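Residue numbers (my numbering), protein chains in the order written: chain A, 1 to 252; chain C, 1 to 478.
Among the hints, a few may not be true.
List of simulated lysine-lysine pairs, PhoX-like, C-alpha gap at most 20 Å [as the list claims (entries may be wrong)]:
#, chain 1, residue 1, chain 2, residue 2
1, C, Lys299, A, Lys91
2, C, Lys232, A, Lys134
3, A, Lys15, C, Lys299
4, C, Lys299, A, Lys8
5, A, Lys142, C, Lys299
Here's a subset of chain A near chain C, in silico, CB distances under 10 Å, partners left out [said to hold, decoys possible]:
#, residue
6, Leu17
7, Cys18
8, Ser62
9, Cys88
10, Asp96
11, Leu178
12, Phe196
13, Tyr200
14, Asp204
15, Leu207
16, Asp209
17, Met234
18, His236
Think of the hints as simulated: they come from the structure by calculation, not from any bench. If you're wondering where the values come from, they're calculated on a predicted model, not measured in any experiment. Backbone N, C-alpha and C define an ideal beta-carbon position, used for all residues, glycine too.
As a plain string of letters, each chain reads:
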Amino acid sequence: MNDNGQAKFIDNIRKALCVDGNRACPDIFYRKPDQESMIILERISSRSHSLRLQLLYKMIDSAKIVNLDVRPVQTLTDASHEIIKLACEKKPEWGDEKSVVLWKHPLIEEMNIEEILRERKISVIFSNRPDEGKTGRDRLIKESAVSFIGITSADYCIAETGTLVLKTAPGNERIVSLLPSIHVAVIKLGQVIADFNELYTLLDKELSDSPEGIDAGMTFITGPSKTADIEATMVHGAHGPREVYIYVITGD
Amino acid sequence: MIRINTEKYREEAIKGINDPVLQKALAALQVRFGRGTAEAYRKLPEGPGLRRKAHEIRMKAIENLDFLLERLSDKIRSRGGHVFFAENADAAVKYALETARKHNVKLAVKGKSMLTEEIGLNEAFAAAGIEVAETDLGEYIIQLAGEHPSHIIAPAIHKTRSEIGLLFSEKLKIPFTTDPETLTKAARKALREKFLSAGMGISGCNIACAETGHITVVSNEGNIRMSTTLPKVHIAFMGMERITARLSDHDILFRLLSRGAAAQNMAGYVSYLGGPRPAGHSDGPDEFHLVIIDNGRTKILADEEFREMLCCIRCGACLNICPVYGKIGGHAYGYAYSGPVGAVVAPLLTGINRAKDLCLGETLCGACREACPVDIDLPRMLLLLRSKLADGDSKWNVGRENTGEKMLYGIWSEIVKRRWAYEAALSFSREGSKLFTGKEGMISSLPFFLKGWTESRDMKPPARESFIKQWKKSKKKV
Chain A
1 MNDNGQAKFI DNIRKALCVD GNRACPDIFY RKPDQESMII LERISSRSHS LRLQLLYKMI
61 DSAKIVNLDV RPVQTLTDAS HEIIKLACEK KPEWGDEKSV VLWKHPLIEE MNIEEILRER
121 KISVIFSNRP DEGKTGRDRL IKESAVSFIG ITSADYCIAE TGTLVLKTAP GNERIVSLLP
181 SIHVAVIKLG QVIADFNELY TLLDKELSDS PEGIDAGMTF ITGPSKTADI EATMVHGAHG
241 PREVYIYVIT GD
Chain C
1 MIRINTEKYR EEAIKGINDP VLQKALAALQ VRFGRGTAEA YRKLPEGPGL RRKAHEIRMK
61 AIENLDFLLE RLSDKIRSRG GHVFFAENAD AAVKYALETA RKHNVKLAVK GKSMLTEEIG
121 LNEAFAAAGI EVAETDLGEY IIQLAGEHPS HIIAPAIHKT RSEIGLLFSE KLKIPFTTDP
181 ETLTKAARKA LREKFLSAGM GISGCNIACA ETGHITVVSN EGNIRMSTTL PKVHIAFMGM
241 ERITARLSDH DILFRLLSRG AAAQNMAGYV SYLGGPRPAG HSDGPDEFHL VIIDNGRTKI
301 LADEEFREML CCIRCGACLN ICPVYGKIGG HAYGYAYSGP VGAVVAPLLT GINRAKDLCL
361 GETLCGACRE ACPVDIDLPR MLLLLRSKLA DGDSKWNVGR ENTGEKMLYG IWSEIVKRRW
421 AYEAALSFSR EGSKLFTGKE GMISSLPFFL KGWTESRDMK PPARESFIKQ WKKSKKKV
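Turn these sequences into a full structure, and let the hints guide you.
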């Protein structure tokens, strides 16, 4: 498969466009922040606590439309209490055993919920398998598939739509927000941004700071999995999580 | 292998019109999504004019397609992904089959992709003894039923819940039910097993990003995330035009795509994927393949009058508003793409003469243009296709559809230039029409080549006096 057909293919396109392959590449890619994005970046970084709270309330509203549950909590400890409660109340979807899969992420680790969960007969696994290669991957899939709750953080959350933005990284595996029946995300208030314009301005900036920024991929999640394929009736939990909770830590 | 039934447009359209279930479903779909989308555009902070901006972004990408595709493939290869450029459907299918055989794949799971319908991928895999499981619920339903999608986004709208209940009780061995939630749960369970055991995941691509080197896939169910995360091999198919230069272009494009496709502010899931699982990661496929497909698209690219068609992001908004699609349904179009987009794309990709009925069947009402998230002037191109059918066009290899008609219009244009000839023709038609006028004073059937005019409606006979004569008379009275 050495001949991937590229040269002839691109040549056909150039002929169709009547352009020369040696022409200068037009200025179509991102270079550095322009005036407008500098203003947006400044707006985000200098946003006051009360303005951030306003964004959070907006997010709670927009979340309702997509059946997403956004819950403000004062501290990380409050979040852990709520999550433990949730894990005790909810029934597993597949089988009787309760199992929770967690991101290996500073904020999630800081919650320190493994021990309490284990005491309540809920097994806990972390998603990163750095030294296990392929078998690590296969085991993670197997274990996540029977987990009823997946706990992640996120890079950003967009108030306008209730969208979580998750960059893929070691420890931040995408399976955790995909295979379990319930997805729980824990974020800090400062990660809530207004809209997609702010998101892409931030991503552009990160891209110019570290070019490998989203190399491993990125996922946007807006509410639980849904379908309307049977007589246009909305049903939640088509393939992905049936419920999504976002805990937003509002204290400092 | 590839399903093209555009010749059966009339036959299939009549079937659709006479199908009460389909009529009800189409009406509900158009009320919900058609109006919902218009409302969603109005609520955009930037207003509906944002669609024009999206059009400019798309056109700029199309005009620099060579650079964008090179950048995309360089980036993906640098991460260890494979990129294959396929000039036609056969080359794409062959590559996919080779890849599947190399990994000894028995079962592949597929996230919704109309492009794979276009190239006939499922049929080819089935012939090679590899099962391809459709995983979008709508696609899964019609695959179980042995049918083809009738809508780009809502492929199973032509099926009732009782039909689906019967189908599931037979194929999935569950007790009969008409409850959408129970039915969805049954499919969730059945497909989960397939996701976890499949050797290959197949997806399309919504809008790739050249500068970062990612494809993107959008869904609401999460099936595409499953297909692209769990199997060891992921192969993605992308129409060569489905790319944009900058990451931030996605701001406008995704917001409009979500509104156009399902009147949502944002689709449930958007994934950026750009290669196999990196070292040190515990997630994602071992191998990543991207197949970039031409299959007739450079021909559209080369024609400046049709080039804007490549801006299309296949959201299906034009189907949800089109009065013709709303009556005849998707199967009448006989191709992967239906509705107004199908009426332009099918003739361009499969032959203008062959798919002529599709563009002749549309009404030119202009609703599709208003609904299009990237402001494509579909009515203009429908008209252009019709003019090619009337006049012929060697560049597109179009023969004149009706030389007799062309000749008659030629004569007619000579007649109307001369007053005396026009008057003579009028009195001739006035006298002639008397022979065919029925009791109610209407003409319900004309002979020979004129019969097309009265096939589906009655015509009024010409007035006894022309307007000019009546006008002159009335002036005399005053």
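How the hints compare with the structure:
no.: 1; hint: Lys299(C) <-> Lys91(A); in the structure: violated (56 Å)
no.: 2; hint: Lys232(C) <-> Lys134(A); in the structure: holds (10 Å)
no.: 3; hint: Lys15(A) <-> Lys299(C); in the structure: holds (10 Å)
no.: 4; hint: Lys299(C) <-> Lys8(A); in the structure: holds (15 Å)
no.: 5; hint: Lys142(A) <-> Lys299(C); in the structure: violated (47 Å)
no.: 6; hint: Leu17; in the structure: holds (6 Å)
no.: 7; hint: Cys18; in the structure: holds (8 Å)
no.: 8; hint: Ser62; in the structure: holds (7 Å)
no.: 9; hint: Cys88; in the structure: violated (24 Å)
no.: 10; hint: Asp96; in the structure: violated (16 Å)
no.: 11; hint: Leu178; in the structure: holds (5 Å)
no.: 12; hint: Phe196; in the structure: holds (5 Å)
no.: 13; hint: Tyr200; in the structure: holds (4 Å)
no.: 14; hint: Asp204; in the structure: holds (6 Å)
no.: 15; hint: Leu207; in the structure: holds (7 Å)
no.: 16; hint: Asp209; in the structure: violated (14 Å)
no.: 17; hint: Met234; in the structure: holds (8 Å)
no.: 18; hint: His236; in the structure: holds (9 Å)
Hints 1, 5, 9, 10, 16 from the list above are not met by this structure, while the remaining hints are.
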